[in-house]
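Novice: Sequence:
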Amino acid sequence: PALREAQRTAMERRTFLTISGAALSALAADWAGGPADALAQAHDGKPIGEDLVAFLENSTRHLAGLSTEQRQHTPALLDAHLATVTELLEEGRCTPALGLRLHTLAAFLSQTVAWHAFDLGRHTHASQSWVAGLHNAHAAGDHDMGAGLLGDLAYQAAWRRDHTTAASILGHALARAQNPAARCLLQLRLARTLAARGDRSERRAVLRALAAAEKHLNDAGTERPAWCAWVGAADLAVDSGQALLDLGDTARAHQLITEGERLLPTARDKTRGVFLAYRAASYLDLKEPEPAAAAATQSLLLAHRIGAPRCVQLVDDLLPRFQPYARAQGVPELLQLTAA
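Residues in the sequence shown are numbered from 1 upward in steps of one, following the working numbering.
Derived from the structure by calculation, the hints contain no laboratory data.
One thing to keep in mind: the hints can contain errors.
20 angstroms max Cα-Cα, derived SDA-like pairs, lysine to any residue [what the hints assert, rightly or not]:
id, residue 1, residue 2
1, 46, 96
2, 46, 93
3, 215, 232
4, 287, 247
5, 46, 73
6, 287, 317
7, 46, 100
8, 287, 258
Label-pair ranges, simulated between beta-carbon atoms [claimed, not checked]:
id, residue 1, residue 2, range
9, 87, 288, 51 to 59 angstroms
10, 30, 288, 28 to 36 angstroms
11, 29, 290, 41 to 49 angstroms
Positions of the beta carbon are idealized from the N, C-alpha and C atoms, including for glycine.
When you get a sec, could you build the whole thing from the sequences and use the hints?
Specialist: Put into structure tokens, the structure is as follows:
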């Protein structure tokens, strides 16, 4: 019943009450401490065949694998896929093996839909979709996927500057995550949120998390969950740089952020836009407005081209810091671009 309610809520409603930090932390603790639910078997309903499940899996994989610029056109298709899978789980009849595949697919689709909503600023819809995905990962017994969904909820909490909740969720996620690539991503997010809290007494904890992330990345092979298959040296460099930036080590932070942006493959343009905004912030910390304006302008132009509102928001948040440099090279053009 809880699974059906979470899925139905995530798919059918578009206005939600905000989930509190305490509720998210309790959900994460319950996930970390409890056994996986047994897969429920439908005893009636129309039979579900292998061909249909394979089609849904393959088409979902194709949609998720499109270039960043094309993904802005896919939310409705992904919503439809998730609605179909949810209906099959609720009303169809299939073997346990196919049921497990459907739960796994529903978890992945929920995660993808959540990220689309998050990028568009629809935070309550995103959090409900991540929670629905967590129920499906739990039903499938996929601890790494569940940890990844908790990591996404933590990322959202950190984005909303609720770093206490983010750190709590990440602690529970790390308790059960096994894959090195998954643990790398979770440790990077933990380092970022601890550093962003601004408590210099946590510097050693931040550095420990960064060191753990680097070790896990070195240990990660080719067998990775799909949701974190992309984690690489670029992410390690930029997230380490951003954490060091919050700790006040601006020179080293700037070096790492610039290095990470250069390492990023061209297929990940949305991430490139985020990294460019981080690079702009690091230049501003160094009181270098010209390269900061150049990086922010690149980020903004890229965001407009691929349809990435979250990148636009990152640049908008930097604009007050450009005001004292209104006559510096590139700054008037940036301000004009943002006003358009």
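Novice: Against this structure, judge whether each hint is valid.
Specialist: Okay, the hints, checked on the actual structure:
1. At most 20 angstroms may separate the alpha-carbon atoms for a hinted pair to count; residue 46 and residue 96 meet this at roughly 15 angstroms.
2. For the hint pairing residue 46 with residue 93, the CA-to-CA distance comes to about 6 angstroms; that is within 20 angstroms, so the pair holds.
3. Taking the CA atoms of residue 215 and residue 232, the gap is near 12 angstroms; set against the 20 angstroms cutoff, the hint holds.
4. Proximity of residue 287 to residue 247 is assessed by CA-CA distance (about 17 angstroms); at most 20 angstroms being required, the pair is judged to hold.
5. Only pairs whose Cα atoms come within 20 angstroms are accepted, and residue 46 paired with residue 73 is rejected, the gap being roughly 32 angstroms.
6. Of the supplied pair hints, the one linking residue 287 and residue 317 holds, its CA atoms being roughly 17 angstroms apart against a limit of 20 angstroms.
7. The suggested pairing of residue 46 with residue 100 holds, with an alpha-carbon distance near 17 angstroms, which does not exceed 20 angstroms.
8. Proposed proximity of residue 287 and residue 258 is supported: the alpha carbons are some 16 angstroms apart, at most 20 angstroms.
9. The supplied range of 51 to 59 angstroms is met by residue 87 and residue 288, whose beta-carbon atoms lie about 54 angstroms from each other.
10. Against the hinted window of 28 to 36 angstroms, the Cβ-Cβ separation of residue 30 and residue 288 comes to about 47 angstroms, which falls outside the hint.
11. For the pair residue 29 and residue 290, the beta carbons lie near 48 angstroms from each other, so the given range of 41 to 49 angstroms is met.
Violated hints for the displayed structure, listed by number in ascending order: 5, 10.
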